[in-house]
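When you get a sec, could you build the whole thing from the sequences and use the hints?
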Amino acid sequence: MKPVIGFAGMTHLGLVSGVCAAEKGFRAICFDSDEARVASLKRRELPVSEPELDQLVKRNAERLVFTSSAGDLAACDVVYVAPDVPTDDTGASDLAPVNAVLNQVFAATRREAVVVMLSQVPPGYTRGAMRPSRTLYYQVETLIFGRAVERALRPERYIVGCENPGKPLPEAYAAVLGAHGCPILPMRYESAELAKISINCCLVASVSVANTLAELCEKIGADWGEIVPALRLDRRIGEHAYLAPGLGIAGGNLERDLATVCALADRHGTDAGVVRAWVANSRHRRDWALRTLHREVLATVQNPVIAVLGLAYKQDTRSVKNSPAIALLEVLKPFGVRVFDPVVPASVVNHPRCYAARSELEACEGADALALMTPWAQFGKLDPVAIAKHLRAKTVLDPYAVLKAEACRRAGLSYYTLGAR
Amino acid sequence: MITHQHPQPQKPDRVVVIGARGFIGKAVHSRLKAESVTVLALTSDDVDLMAPAAADRLAAAFRPTDAVVMLAALTPDKGRDASTLVKNLVMMQHVCAALEKSGCAHLVYFSSDAVYPPELSRVSEETPASPRDLYGVMHYAREIMARSLAGMPVLVLRPTLVYGAGDPHRAYGPTEFWRSVREEGKIELRGTSDDMGVEMRDRIHVADVAALTVLCLLHRTAGTLNLATGTSRSFREVADLVASQFAGKIAVVPTPRKIPITHRYYDVINLIEAFPDFRFTSLDEGIRRVHGKTSGTN
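Going down the list, the protein sequences come from chains A and B.
Letter 390 of the first sequence, counting from 1, is numbered 390 in the numbering used here, and no numbers are missing.
Letter 54 of the second sequence, counting from 1, is numbered 475 in the numbering used here, and no numbers are missing.
Read the hints as simulated data drawn from the structure, not as lab findings.
Misleading hints may appear alongside valid ones.
Stated by the list, open to error - Here are the simulated lysine to aspartate or glutamate pairs, EDC-like style, with alpha carbons at most 20 Å apart:
1. B:K670 / B:D705
2. A:K394 / B:D698
3. B:K607 / B:E658
4. B:K670 / B:E609
5. A:K389 / A:E362
6. A:K167 / A:E112
7. A:K24 / A:D54
8. A:K219 / B:E658
9. A:K333 / B:E609
10. A:K333 / B:D705
This is how it looks when you write it as structure tokens:
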């Protein structure tokens, strides 16, 4: 008989993990003490936007239980503690919510139940959270906003932090992990906690390399898009490396890991200079759009109006945490702006002269410049000729190159993107 | 790095400009007058900042509602030695003592980009100050003296190379190039014939410095702000621009370089965020304007 799995904390991580466990055939008891949130989930109103998630909830309704009663977790063999860990502007984690949920789970579950910390916690946390006569593991989550379902259903590997890595995993927990057929890497708690951070540091390092060299490309007439395939064919770098230039890191998770590394390095006297350089580079590239807009439009056009397409920090999510679009709009307060995002409502924008457009082209109407700040796939289908027709002046900032540069230039647009002139 | 205490511009009751006869001081003074701001312009004729009585004289002149712009300093052409350093610190000591006594609504201290290490090619307000000479040390010390004053918002402005008509200094750059063309009919650039004048620098027109200073006064801005344009051009380009203002061909010739090549670029994102609609005078326009004024052609 398959073990029953509990998930405590119905924010992004817990919800996606619970729904995907049900898709894998497990009975999933999804708990959150917030009654209103649970009531919404029961009505199939999901607080997050992820591809496939709505369909999976519908398809697995029989195996999914949403509850605000912690007592229901007593039926579980394995319980994941999975609330999202909020971060502040510096990337520092607030662990109070995860502590509260962990306490609820220990109190509500059977003594032999396996408790698994899935929320991202700093190194040293899990060992400090152990309880006598209870079984606690830490499992590295690899959620990517916009690809959360895909990552939960088809994980590359499981990294499991253990009190004793030499001891076999409990049967129920091994059955849950075994359902995915991927490698399982047991290691001590601290290694697993740092493994997650290590993965993110490698990603940020790649992105920082891409951003640094893409900026140089813009100055010397090279094209980063031509260089990337050469890098991907190098086995030491690899075909899946994060080499797309962007507007700095955002979303909160990577920032948290960098802040954690810096704090640990400061505490232990190790060198984190390179990590601080990544943070500085991220901030520098975040402002690419503002620099370009200032140079091309704000400092030359009287009372310019700017169209901004995309508010989310990246495509396929409604999260605006550290979104470059929101940061840009904050500085554009003296000017008129026209915004559109397929998912994020314009009400998130704090701006005195913000027009909420109902479509991409309506946002462009009469604007002096267009900034495509989130690479939503649907933006790539826009016709540059139509954009040119709707804009008053013809400046287009397309950092992620969702439009074709040549087509834009043929349409008479002054086109700017990352990594090329 | 900076915050506006007045999100909407608001005229200060009065602005006291200390060092109002200097190159930047004069420009700030005229810009304030153009904005119809009441100004008390102080020069060394009014107060000798090195005299022991200076603090009391200034305190008597200041009002608690004043904004004070401190520009007075012995510039590097007057000396870069320890004695000049001490004199500059004494001047600032007297200004601070007066402000401690009288208080003020806003203090703007004019520092310099000499607080940054000269070998750094890219600089922003986040770049740690680490002056390499006594002139830089002087400004950094005076910044700290200003920031140590309790109970008043303090803005430190760190201008890059400032140029414009009426620049009395003879530093290597546009003003010296004009003089050289007029007096010698040529411009000398440091380096060899292959690399003369390749060093990149950010230069800001004195009118832009004045305009930005007034904006900061109107917004009662506090913090640290570099005054730079974000665009760097080589000495060679500047020499060619200056030369192009004169009739006939002006020779641009190499002269031995005494220090290694360094470049300087400014990240001005904080300035853009603070004043997103500010328009800098382009170097081409600035040089045309200066030439027109100095030659009387416009």
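These are the hints, each one checked on the structure:
| no. | hint | verdict |
| --- | --- | --- |
| 1 | B:K670 / B:D705 | 18 Å, holds |
| 2 | A:K394 / B:D698 | 19 Å, holds |
| 3 | B:K607 / B:E658 | 15 Å, holds |
| 4 | B:K670 / B:E609 | 14 Å, holds |
| 5 | A:K389 / A:E362 | 11 Å, holds |
| 6 | A:K167 / A:E112 | 16 Å, holds |
| 7 | A:K24 / A:D54 | 16 Å, holds |
| 8 | A:K219 / B:E658 | 18 Å, holds |
| 9 | A:K333 / B:E609 | 47 Å, violated |
| 10 | A:K333 / B:D705 | 30 Å, violated |
Figure legend: structure checked against the earlier numbered hints; hints not met, in rising order: 9 and 10.
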